[in-house]
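S.K.: Residue numbers (this note's numbering), protein chains in the order written: chain A, 1 to 226; chain B, 1 to 328.
All clues given are correct.
If you want a taste of the chain A side facing chain B, the calculated C-beta under 7 angstroms gives, among others: (1) M53; (2) R81; (3) Q91; (4) I108.
Everything labelled a hint here was simulated from the structure, so no lab data went into it. Computed from a prediction, not measured in an experiment: that's the story for all the values here. Just so you know, even glycine gets a beta-carbon here, dropped at the ideal spot from N, CA and C.
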Amino acid sequence: MPMVRFDGVSKRYPSGKEALSKVNFELERGEFAFLTGHSGAGKSTLLKLMLQMERPSKGHVYVDDDCVDTMKGSQVPYLRRKVGVVFQNHQLLFDRTVYDNVAMPLLIAGYQPAEAARRVRAALDSVGLLGYERRNPIELSGGEQQRVGIARAVVNKPQLLLADEPTGNLDPELSEEIMKLFLRFQQVGVTVLIATHDIALIERMGHRRLILEQGTLHERGAYART
Amino acid sequence: MPAPDKTDRKARTGGASAHTIRLQDRLSAWAQQHQLVAVETLMRLLTRPFGSIMTWLVIAISLTLPGAMWMTLDNLSQLSNRFQASGSMSVYLQPAVADKDAQQLLNQILGTSGVAGANYISAEQALAEFRATSGLGEALDLLPENPLPGVIVVEPELSLPQAEVIALADSLRSERRIDSVELDTAWLDRLHALLALSERIVWVMGALLALGILLVVGNTIRLSIAARVDEIRVTKLVGATNAWVRRPFLYTGLWFGMIGGLVSWILLAVGWALVSGPVADLATLYGSEYRLLPLSAGAALVLLLGAMLLGWLGAWWSVVRHLHQIEP
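So that you can see chain B by itself, here it is in the shape it has in the complex (with noise of 0.2 angstroms):
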């Protein structure tokens, strides 16, 4: 029977006294500890780029689309804008009513206040004016009398806010001589619809490629957990809480989604440097000061945040789904 072998090599280990480490320690290791979780992922994505790059161009992509959109809304609206001051208003007379009324009404138009000025048309005018604009002439000669009806071109003086200008409209309606009034401002209520509609169509297809972003992520996450289920294995039997598994796990997708974001801001810094010299051009052209803006920062920041957040979800959902079955 072997005598225990009792070296001077004694083993340092054993003894549960020395077992207890500070609460203080713990934090700091703990923070020390997703520091270098933070840093090893990044450093592992970016010295081996070729197993993500893939990830990265379609995060970048998915999310240049939205940001494109999102810009050209911006400045659509910002020009929209432009427009709210000119708002002249057509008003319809009713068929029957004679020259000499037209006329009065048209002094009377004139008195109002808030009227910069007004220009009568006659049915018979309108009628040679669309006989020469429209080519129809022998067809309006079938026509046993003239369809038109005189016209009154309201200015509103430009200070007028636009709630006056509605009310004037109003108020000439209620007019009996007076068919119909309508503001020319119709289009620019049109074009904000437009815009709104758009703006909820880029919000639409954000959320699907927001959800394309995400199974990216995730589908990435769980190659590599694929990759390293030994790794896991072991990290479990020898006391990982499932925390410490996940950590690197979802700073990888947070790290996917922050290039991912650097990506998409390059691309649409390109995208608005091809185009916004013809756009300037464009809008000299026109006489305009217009220049096509950038992103602005605030959107730019919510962009990429947005884009490290569904990089952090998407690791999340992938590694909830993936890493209890692993199990020692």
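Next comes chain A alone, as it looks inside the complex (with noise of 0.2 angstroms):
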């Protein structure tokens, strides 16, 4: 079973803005893919589908083999906890440390405060923050706050991790870094998608791309699946 699949979806927005219209695909448990297309082509909107932030007007969203869109809103949480977001603007909260925005999935899941604390201190040494927990996420450069984001996204050890313009406002080097961090949990078994129109970057490292154009989905095949 596909760990996503995407069934004859289109989205009108009340503006009459066709975000998306008629898309379909899949992604297998494990795979790695990038989401392209020009800003407003509706990568946005398409990752916002998998989370309930949007519903479709047409079609049907399945993630993990559930009915993302007719899902009860009281389920809605538990999808979420299945699926780690980073953020372009990552997100973070300014009011409290590093470790408190990390640990915050694990709160809400329900963790011990000792598990919680271990599992912190492993998602911030996957993304080679470890000994910043009692920093605050102001004081980091914008590349550090990502990668604290991500290890939010990671912490609560995600079967699907979307990735919204992750890298941009990174320059290449570190955004290079930051794809390289996603390629290490695809290798884990986690199921990654990227959206990004950083077209130079996506040739460099291959993989499957999904390109959005005006709302509709092609598809280029993998210049070197891993």
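Make one complex out of these two single chains by using the hints.
M.R.: Printed below as a string of structure tokens:
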């Protein structure tokens, strides 16, 4: 069974703008793929559909065999716990430490504090930020903040990791490091989908590419599957 | 094409196998989380009181008003119970009844069981008394005849229960020569009626002030929700249930109520301390042992728990109205 399946998905906003039209694709478990397209092509909308941050006007979205768009509101939190998300603006909270930011999904999921502490350290270690626990995210550089965001996205060991322009504000070297980080999560079995318009980077890295052009999805085969 | 990074710092995440949490752990984590949120929200209020001190005071005052009235009524009804036994009655005779008949009636009444004493005041005596006390002497001279009836004042035995006093009055009313019987306990009935009315007014006022508390807490919680929109978005995004998001706000409402209730206790205690001395002095002057009672422990507890419930409800009302508008 695929991890993600879009079945004839269209999304029309109340303004009349059609963000997506008849999108079909599948992501196998453990697959790594890029989602590209110009800004406004519908990349963010497509990601949001997988978290029920938006609902499709037509068609169905399946994540881990559950139909997301017909899911009851009370089930949505449990869907979101299975999916890690990284945003361009990283959505960190500056009124608390790096540790508290990363630990948040664990506390919500009901982990014991000791177990949560162990996992937070592991997650921070995996993004190379061990020792940053007591810092405030606001003191960190853009790249470091993005890595805190990634640590928070993976701390609960999600099956699916989504990233929306995770390298949007970073220079090419940092961007490549972040991408390598995502690859490492794929290597341990996480399904990864990264939305980006950084074509040069994607060309260098290979992998499957889903291309959105004015709401329609095209696919370009992988240069090199890992 | 760069090969995937395979350094020793291999990611420790991934693999769905470690994803299940035992139910027992889940429950204890849930209880721990409640405890954590309860303590955290209380500390937040106590360490930074300036933002919410107005809310506490509004709640406290809204509670103190009905609390003080309640205390007053409680005292009045205690006091009124002491008067229960004294119930003399005035028996008004028909105008045509002559003094001789009246004397006979008096003896008859004195012979009735349950009567401790009786005293006849003739129409002439009554008129003389009225003339002396009312200052309407000249006006009374203009009247063709004495408008006042003769009266027999009957003192029932002190031990006589209220019901038998009333029965005695009824039996006197049926006597042909008697026009009407007025129980002097009527004023007591009126006092009781007045107390019942006041109690009703306290409830109505209490209800209005409770509504005020709901609005004040609701508004304060609304502001604190607005201040934490980002946090709510992020928590929902990483899988917080609505209950999880609501929890800190509901506890905050509960604490608002509790602190307001405690402050109101203090205000009521201070009020009692200020008034009880003069009341005791006044009672002593009337030869009474009466002392003003403070708010009873039961009433104080009801006040505190009621305040906490109101705070919680106010928070709930606000949270239900505003939280669903905040979605990631």
